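Required output: the full structure, derived from the provided sequences and hints.
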Amino acid sequence: MLKTFPKGGIHPPENKITSGKEIKRMPVPKVVYVPIAQHIGIPSEIIVDRKDKVLKGQVIAKTSGFVSSNIHSPVAGTVTKLDMMIDSSGYKKQCIVIRTDQKDESNFEEKEYPLIREISLSQKDILQHVIDSGIVGLGGATFPSHVKLDLKNDNHVDCLLINGVECEPYLTADHRLMMEKADEIIVGIQILMHALHIKKAVIGIENNKKDAIKVLKEASKGDTGIQVAALQVKYPQGSEKQLIKAILKREVPKGGLPMDVGVIVHNVGTIFAIYQAVQYNEPLTERVVTVTGKKIENASNFWVKIGTPIKDLVEQVGGLPDGTRKIVNGGPMMGKAIKNTDVPVTKGTSGILVIDQNEASRGEPKNCIRCGECVFVCPMGLEPHLLMNLSEKGLYERASNEDIMTCIECGSCSYVCPSHRPLLDYIRFGKNIVKKLQTAKN
Amino acid sequence: MSAQSIIISASPHVHSDRTSKKLMYDVVIALIPAFLVSLYVFGIGAFIVTAAAVISCLLFEYLIQKFLLKSEVTIGDGSALITGLLLAFNLPSGIPIWMIVVGSLFAIGVGKLSFGGLGFNIFNPALIGRVFLLISFPIQMTTWPTAVENQTALADAVTGATPLGIIKEGLTFGGTMTDLASKIPSTLDMLLGVTGGSIGEMSAIALLIGGVYLLVRKVITWHIPVTMLVTMAVMTGIFWLVDSEHYANPLIHILSGGALLGAFFMATDLVTSPMTKKGMIIFAIGIGVITVVIRLFGAYPEGVSFAIIIMNAFVPLINTYFKPRRFGSKIKSKIV
Numbered sequence: 001m002l003k004t005f006p007k008g009g010i011h012p013p014e015n016k017i018t019s020g021k022e023i024k025r026m027p028v029p030k031v032v033y034v035p036i037a038q039h040i041g042i043p044s045e046i047i048v049d050r051k052d053k054v055l056k057g058q059v060i061a062k063t064s065g066f067v068s069s070n071i072h073s074p075v076a077g078t079v080t081k082l083d084m085m086i087d088s089s090g091y092k093k094q095c096i097v098i099r100t101d102q103k104d105e106s107n108f109e110e111k112e113y114p115l116i117r118e119i120s121l122s123q124k125d126i127l128q129h130v131i132d133s134g135i136v137g138l139g140g141a142t143f144p145s146h147v148k149l150d151l152k153n154d155n156h157v158d159c160l161l162i163n164g165v166e167c168e169p170y171l172t173a174d175h176r177l178m179m180e181k182a183d184e185i186i187v188g189i190q191i192l193m194h195a196l197h198i199k200k201a202v203i204g205i206e207n208n209k210k211d212a213i214k215v216l217k218e219a220s221k222g223d224t225g226i227q228v229a230a231l232q233v234k235y236p237q238g239s240e241k242q243l244i245k246a247i248l249k250r251e252v253p254k255g256g257l258p259m260d261v262g263v264i265v266h267n268v269g270t271i272f273a274i275y276q277a278v279q280y281n282e283p284l285t286e287r288v289v290t291v292t293g294k295k296i297e298n299a300s301n302f303w304v305k306i307g308t309p310i311k312d313l314v315e316q317v318g319g320l321p322d323g324t325r326k327i328v329n330g331g332p333m334m335g336k337a338i339k340n341t342d343v344p345v346t347k348g349t350s351g352i353l354v355i356d357q358n359e360a361s362r363g364e365p366k367n368c369i370r371c372g373e374c375v376f377v378c379p380m381g382l383e384p385h386l387l388m389n390l391s392e393k394g395l396y397e398r399a400s401n402e403d404i405m406t407c408i409e410c411g412s413c414s415y416v417c418p419s420h421r422p423l424l425d426y427i428r429f430g431k432n433i434v435k436k437l438q439t440a441k442n
Numbered sequence: 001m002s003a004q005s006i007i008i009s010a011s012p013h014v015h016s017d018r019t020s021k022k023l024m025y026d027v028v029i030a031l032i033p034a035f036l037v038s039l040y041v042f043g044i045g046a047f048i049v050t051a052a053a054v055i056s057c058l059l060f061e062y063l064i065q066k067f068l069l070k071s072e073v074t075i076g077d078g079s080a081l082i083t084g085l086l087l088a089f090n091l092p093s094g095i096p097i098w099m100i101v102v103g104s105l106f107a108i109g110v111g112k113l114s115f116g117g118l119g120f121n122i123f124n125p126a127l128i129g130r131v132f133l134l135i136s137f138p139i140q141m142t143t144w145p146t147a148v149e150n151q152t153a154l155a156d157a158v159t160g161a162t163p164l165g166i167i168k169e170g171l172t173f174g175g176t177m178t179d180l181a182s183k184i185p186s187t188l189d190m191l192l193g194v195t196g197g198s199i200g201e202m203s204a205i206a207l208l209i210g211g212v213y214l215l216v217r218k219v220i221t222w223h224i225p226v227t228m229l230v231t232m233a234v235m236t237g238i239f240w241l242v243d244s245e246h247y248a249n250p251l252i253h254i255l256s257g258g259a260l261l262g263a264f265f266m267a268t269d270l271v272t273s274p275m276t277k278k279g280m281i282i283f284a285i286g287i288g289v290i291t292v293v294i295r296l297f298g299a300y301p302e303g304v305s306f307a308i309i310i311m312n313a314f315v316p317l318i319n320t321y322f323k324p325r326r327f328g329s330k331i332k333s334k335i336v
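So the protein sequences, as listed, match chains A and B. Quick note, the first sequence lines up with residues 1 to 442 if you use the UniProt record's numbering. Quick note, the second sequence lines up with residues 1 to 336 if you use the UniProt record's numbering.
Derived by calculation from the structure, the hints in this document are not laboratory data. Warning: the hint list may mix true and false statements.
[Unchecked claim] Derived lysine-lysine pairs resembling BS3-like cross-links, with alpha carbons at most 25 Å apart: (1) A:Lys-234 with B:Lys-218; (2) B:Lys-70 with A:Lys-366; (3) B:Lys-70 with A:Lys-7; (4) B:Lys-218 with A:Lys-254; (5) A:Lys-366 with B:Lys-22; (6) A:Lys-16 with A:Lys-311; (7) B:Lys-183 with A:Lys-234; (8) A:Lys-435 with B:Lys-330.
Please read these numbers as outputs of a predicted model, since none were measured by experiment.
If you want it as structure tokens, here you go:
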């Protein structure tokens, strides 16, 4: 019996069209648009000006607090504008626009990175490299990674979990990375184990990626501290709390962090970025993005420079098919629908999903038939129908008492609701207000 | 691609293909085996009763929504159809048609629409209709035509009694189970459905086929039917073990009357049953206990309908007190 989390969860069609597609390198874009708020926390502080020449990998916006991150120029070129641009959140955000210097060779050379197994840096230097390189969680949450490395001495963290679950339908970026960079990922894990003084690491992978499980098992053979756990396929297993529960049977307390149960979780993509940062001093300026959709001609996985407009990616796979009605930054369950394809790829972009009419339109909401399906699938043990009702009626105090803030917004409730009720929409709305009320109270 | 053609909405961007309508029609499909058996046993009478109930339920829903409430007409969603079918299944085949019409009006008008329509009703509308008729017209509601020889004949010629009725009457007048043994239909007859009773509660096998279909299609979960039947079996089993001369064995209790129809089709009604698995188990135990108490000690031979309606009334309370365990909390169930 494969491991999984016990309560709730759904099985949406996997549609992993691109799981067999090798990661290709996107051509260097002519212009990149680099937002300064790509991570959770305080936006970075711009340290370049218009007309400045920047080098590839140069810091263009620096970290402005503990929970913040450096941002590096993905290309060598000239800063043409500091502009407000709509990003995937739908809001206008500050962006650094850089025109690629077509003559600069560093933009076009294909660097080789032979595997370096030896870990020569000290714990402190590793942390500094992670901070300097602007590493954030690449699973989608974009939480600055160094925060999870800078542990206090009285911590009792004993296990590192590596998230290779990729439970979102369609997305295959992590899957391909594990297939192609298995050795680097193992070294990256060893770097973190070294930095955190942890003896045990477990890589969690869902059983629909049997090839990746095999490859990583092979790659980790020499290290007895690293295990690979095959997990039952179930959404939202990639959620931190559910993953910890599935693999270690530990339950993160309400309002708590994985650290409270002695666990640190990193995504495989982040691990690879840390490997690059520590072994090659390479800042985070590119990532793997799955560009996919049922009607997309050449759906595939790409190494994409941060700041590349999504339209460049779409062009690469044969353009938007006729009847496209929705473009999603991320997967179909938690991704954000974007307004147009000018929106740039950021550190948190794991995929671009193109959806047609049939799937894009929502069903008309009907009366709640009290079937309880939303309650059964909620991985957090909440009652979505009740939370929606309370949010709708403005009963925020009660919503708060019913633990609305613990909702992880996985969307399982809205997915299963046979009456097409917009459960998560109302819960998000309620969460926002409860959050504001709580802040006001403090 | 023009900017207008792009839809922006919050996640999730995909939906399962389950809809309320599909769930409702799955229930209708699950009722087909029992309906076929009733046609075989009662002939055209069963068809007339069923058709009358379904047509009047749909018609009353249409009329009330269109002219009285002036709201959206929802007769296509399948729920009025189910109410009609279940009401018919709870009626004897020889009942006058005007009574069916009155029962349907009560079921749809009072049982469902007066509460606000689908999803807002507290009680199972079909059972509200049935209990209304049972209390108003006790004679007609307990006149049970037995299986007809000629299936095309209107089946009010021969009247018999239900197995539970035979037992109740026999025991009340001082008989013992041994005396009654010859009068009670055999287990095989009850499985196949050749006994007296309401249209839809005849054949245990047909109801089980429908129930399994609902389980396989995931319209219902095992919690309510299994818990309810096990509770009944355990409770009647204890009485039977103590005094088998005055109490019928659990098998008779499970296979006769409305136990199976109630367990799989009435108690599991999505709208009027609890929304957590814990709650469902409490709910089903309640139904089982009340049913057995009515059957063994009450004035009526059968108590499934009453038991379900009584427990329906507790559902809001059950939903409040038996919540799912919140992830990351130590407390098992939170009392608000």
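Each hint tested on the structure:
1. A:Lys-234 with B:Lys-218: Satisfied, since the Cα-Cα distance of roughly 17 Å is no more than 25 Å.
2. B:Lys-70 with A:Lys-366: With Cα atoms ~17 Å apart, Lys-70 of chain B and Lys-366 of chain A stay inside 25 Å; holds.
3. B:Lys-70 with A:Lys-7: 43 Å, violated
4. B:Lys-218 with A:Lys-254: The given pair, whose Cα atoms are some 31 Å apart, is violated under the 25 Å limit.
5. A:Lys-366 with B:Lys-22: It holds: about 13 Å lies between the C-alpha atoms, which stays within 25 Å.
6. A:Lys-16 with A:Lys-311: The hint holds at about 22 Å.
7. B:Lys-183 with A:Lys-234: 55 Å, violated
8. A:Lys-435 with B:Lys-330: Since the Cα atoms of Lys-435 of chain A and Lys-330 of chain B sit roughly 23 Å apart, the hinted pair holds (cutoff 25 Å).
The structure shown violates the earlier hints numbered 3, 4 and 7.
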